[in-house]
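There are 2 protein chains.
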Amino acid sequence: MASFESLYSENALNMKKSVIRELLKLTQKPDIISFAGGLPAPETFPVEDLRAAADVVFVKHATKALQYGTTEGDPDLKDELIKFEARQGVKIGQDHLLVVSASQQALDIVAKVFIDPGDYIIGGHPTYLGTIQAIQSYRGRVLGIPFSKADDGFDMDELERRYASALRDGKRIKFIYVIPDFQNPTGICWSVEKRKALLEFSYRTGLPLVEDSPYREIRFLGKTLPSIFQLDQEGENRGNVLNFKTFSKILAPGTRMGWVMANPDIISKFVVAKQAMDLCTNVFAQKWIAEYLKTGKIYSVIEHTCGIYRDKRNYMTELLEQHMPKRPDISWTKPEGGLFLWIRLPEGIDTDKMLLKAIERKVAYVGGSSFYFDEPEHNTMRINFSYSSLEQIEEGVKRLARVVAEELEGR
Amino acid sequence: MASFESLYSENALNMKKSVIRELLKLTQKPDIISFAGGLPAPETFPVEDLRAAADVVFVKHATKALQYGTTEGDPDLKDELIKFEARQGVKIGQDHLLVVSASQQALDIVAKVFIDPGDYIIGGHPTYLGTIQAIQSYRGRVLGIPFSKADDGFDMDELERRYASALRDGKRIKFIYVIPDFQNPTGICWSVEKRKALLEFSYRTGLPLVEDSPYREIRFLGKTLPSIFQLDQEGENRGNVLNFKTFSKILAPGTRMGWVMANPDIISKFVVAKQAMDLCTNVFAQKWIAEYLKTGKIYSVIEHTCGIYRDKRNYMTELLEQHMPKRPDISWTKPEGGLFLWIRLPEGIDTDKMLLKAIERKVAYVGGSSFYFDEPEHNTMRINFSYSSLEQIEEGVKRLARVVAEELEGR
Chain V
-4 MASFESLYSE NALNMKKSVI RELLKLTQKP DIISFAGGLP APETFPVEDL
46 RAAADVVFVK HATKALQYGT TEGDPDLKDE LIKFEARQGV KIGQDHLLVV
96 SASQQALDIV AKVFIDPGDY IIGGHPTYLG TIQAIQSYRG RVLGIPFSKA
146 DDGFDMDELE RRYASALRDG KRIKFIYVIP DFQNPTGICW SVEKRKALLE
196 FSYRTGLPLV EDSPYREIRF LGKTLPSIFQ LDQEGENRGN VLNFKTFSKI
246 LAPGTRMGWV MANPDIISKF VVAKQAMDLC TNVFAQKWIA EYLKTGKIYS
296 VIEHTCGIYR DKRNYMTELL EQHMPKRPDI SWTKPEGGLF LWIRLPEGID
346 TDKMLLKAIE RKVAYVGGSS FYFDEPEHNT MRINFSYSSL EQIEEGVKRL
396 ARVVAEELEG R
Chain Z
-4 MASFESLYSE NALNMKKSVI RELLKLTQKP DIISFAGGLP APETFPVEDL
46 RAAADVVFVK HATKALQYGT TEGDPDLKDE LIKFEARQGV KIGQDHLLVV
96 SASQQALDIV AKVFIDPGDY IIGGHPTYLG TIQAIQSYRG RVLGIPFSKA
146 DDGFDMDELE RRYASALRDG KRIKFIYVIP DFQNPTGICW SVEKRKALLE
196 FSYRTGLPLV EDSPYREIRF LGKTLPSIFQ LDQEGENRGN VLNFKTFSKI
246 LAPGTRMGWV MANPDIISKF VVAKQAMDLC TNVFAQKWIA EYLKTGKIYS
296 VIEHTCGIYR DKRNYMTELL EQHMPKRPDI SWTKPEGGLF LWIRLPEGID
346 TDKMLLKAIE RKVAYVGGSS FYFDEPEHNT MRINFSYSSL EQIEEGVKRL
396 ARVVAEELEG R
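One line per chain: the protein sequences are V and Z, in this order. My numbering applies: residue -4 is where the first sequence begins, and numbers increase by one. My numbering applies: residue -4 is where the second sequence begins, and numbers increase by one.
Note that these hints are calculated values from the structure, not bench results. Where hints are given, some of them may not hold.
Intra- or inter-copy, both count: the list cannot distinguish identical chains.
Below, a list of computed lysine-lysine pairs in the BS3-like style, where the Cα atoms sit at most 30 Å apart [unchecked claim]: (1) Lys20 / Lys86; (2) Lys59 / Lys11; (3) Lys289 / Lys55; (4) Lys24 / Lys55.
Quick caveat: nothing in here was measured; it's all calculated off a predicted structure.
Looking at chain V on its own, in the form it has when it is part of the complex (with noise of 0.2 Å):
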């Protein structure tokens, strides 16, 4: 058989494969209770809306939905998708959207678009996996900023200090990368304060903000925060905020449906680097969610699905409560939005080697040393508690912090 590993370009042989998408066929072994995915609920998806609206697509837009369309996305999409953040108080227009096929293709536009071997972005230390490979594919690297004990957003002044170490080195930022609202892996929603700050930062060092908000509608508790991309809208309105949406969690992801809001002249140049990638994202799947968006129903799904995530994340966390062994040095994050929570386990315990007993009780995390480009931390683990049963949490989180219980034993 041919081998071409001579010809790979250097690109490639830096890219890595997802450890958690390995991860997930090992765990889905049906006995297997797994908090490692970050698979939205099945049991909130709106099947018979979305058929009807997929069934308007054909007797209403059959020959525009079945041919090519335009780079920018579809117009009558794009309409709907103005009216939505309209509700959220975002003004914006057709040249400020750009259709995406899900969030993960804006993160390759903005990696292509920015990165040159050997750049930084300014990220989370921890980070959203998918990003660090995004990055990694064009030989990018992160330069990850800790988070405050608060759990309110950076430590504003690690920020500081590595930015200005950072540039003493020689080294080359892009951009600056935060998941503000129910951040993934950790769960944490930034602070109105860490907001504007960041906001300030980005400003000053003329650097662009990437906020991306896959999980911003998914509030359960407590009241909406201003995204960066508003405030800057509301403030000084420089445009320095790339604010990136899906409707992966709000809908489904299995429509691969996302959308870029930016300056005019950045959407522009994510057009020319889409066009050569893509051409267009699927157009029926445009036409199908547009008229879906046009019943008006998402709202109430939005509200039933923060409903479901409410009651299984205060489950989590109570019999967290419950069955954890009770020490100073272990605790979790308490989200009020998204699909995860965050365990810190004593100091010296590595969840990754602990996965493996884990998987032998039938339970399954993903180690936090994952969501870290470098100098990871092994004593964390990402929780899912969106797609499992209340039943299975109950089960799950028992046979959890009885790996845990043993793991301390042990040492």
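Assemble chain Z onto chain V, guided by the hints.
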């Protein structure tokens, strides 16, 4: 407004906006007869059967179709693709297949996996514009090989000469790219002899051979020839060939669905690259096309489409014979399939400049110069015959012939 020009990557600075996509906007006025685009005829879309297939997905597979899928592609769709290929004598397993968001994504992946800045591919002179764009977006270059006078594939002597010269100049060449069945833009179909010769060239040089086959099944005259992928498989079976396929021309481009066939090593590498690009192709659309393929109706759709295109192509070549100025230095290809033919005008005619006059006369085409990475020819044009009605073809060819006649007189 913030400007981030100074932060763009070298790749981004090298990306070119598609001239054609810009042109298409000009030519979309309703009174212009456009031979410029590459759209399939909407009357070929099997709307009702696709509608029924979509509905089956909602009834039978809603939860899976709306959830995340694997990067490799939906196993049900891959089973159907295996059957589809088997009917054409191609024997592959799931491991030889990657589902992609139509073949432009395959071009992006192959460029990302192989191209470092300055690297070359061997390609047609001219060749498909989307391939040139994908290669340029990673700062790659095309070593263009002219076609033989017989319109049966590369001028193989030129291939050897240019390859040897490129090696002498220290150029790094990464793969060979061809569209053997009814090339875009020329409509040329490679002879079996030339297919075999190119495969031998690939074996001898150790270069992967990318066979892009969007039009392979759209043969309306003559006998189907073995693909180069097949010639390898049925011969030495070394796994040198990567075959890109798509439903864009044989079913509907709005489905944005394609597949890559290659040896399992290459497929694994492509999966890792695709993971960071979009996680997975539209899951609903994969299930939808799988259900449609299960009906077995695609074969009659292809037959019907070929019939329509045969009529349009025959009518167009007939009208060209009748109306174009009769000179030995005016000629056009007589494609046995695909969507395009290629007109050569006398040396000195600049079809890009002539286009403005054509648009005044309410007819449009694409100037041939768009399809060259470098050293473009200016006296050629690409003409699409799939999209226009017979009436439009008649009127459009008359207008075009008049424009050419006037251009010749004006010299």
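For each hint, the structure was consulted:
| no. | hint | in the structure |
| --- | --- | --- |
| 1 | Lys20 / Lys86 | between (42 Å within a copy, 27 Å between copies) |
| 2 | Lys59 / Lys11 | between (38 Å within a copy, 27 Å between copies) |
| 3 | Lys289 / Lys55 | both (14 Å within a copy, 25 Å between copies) |
| 4 | Lys24 / Lys55 | between (43 Å within a copy, 22 Å between copies) |
Violated hints are absent here; each numbered hint is respected by the structure.
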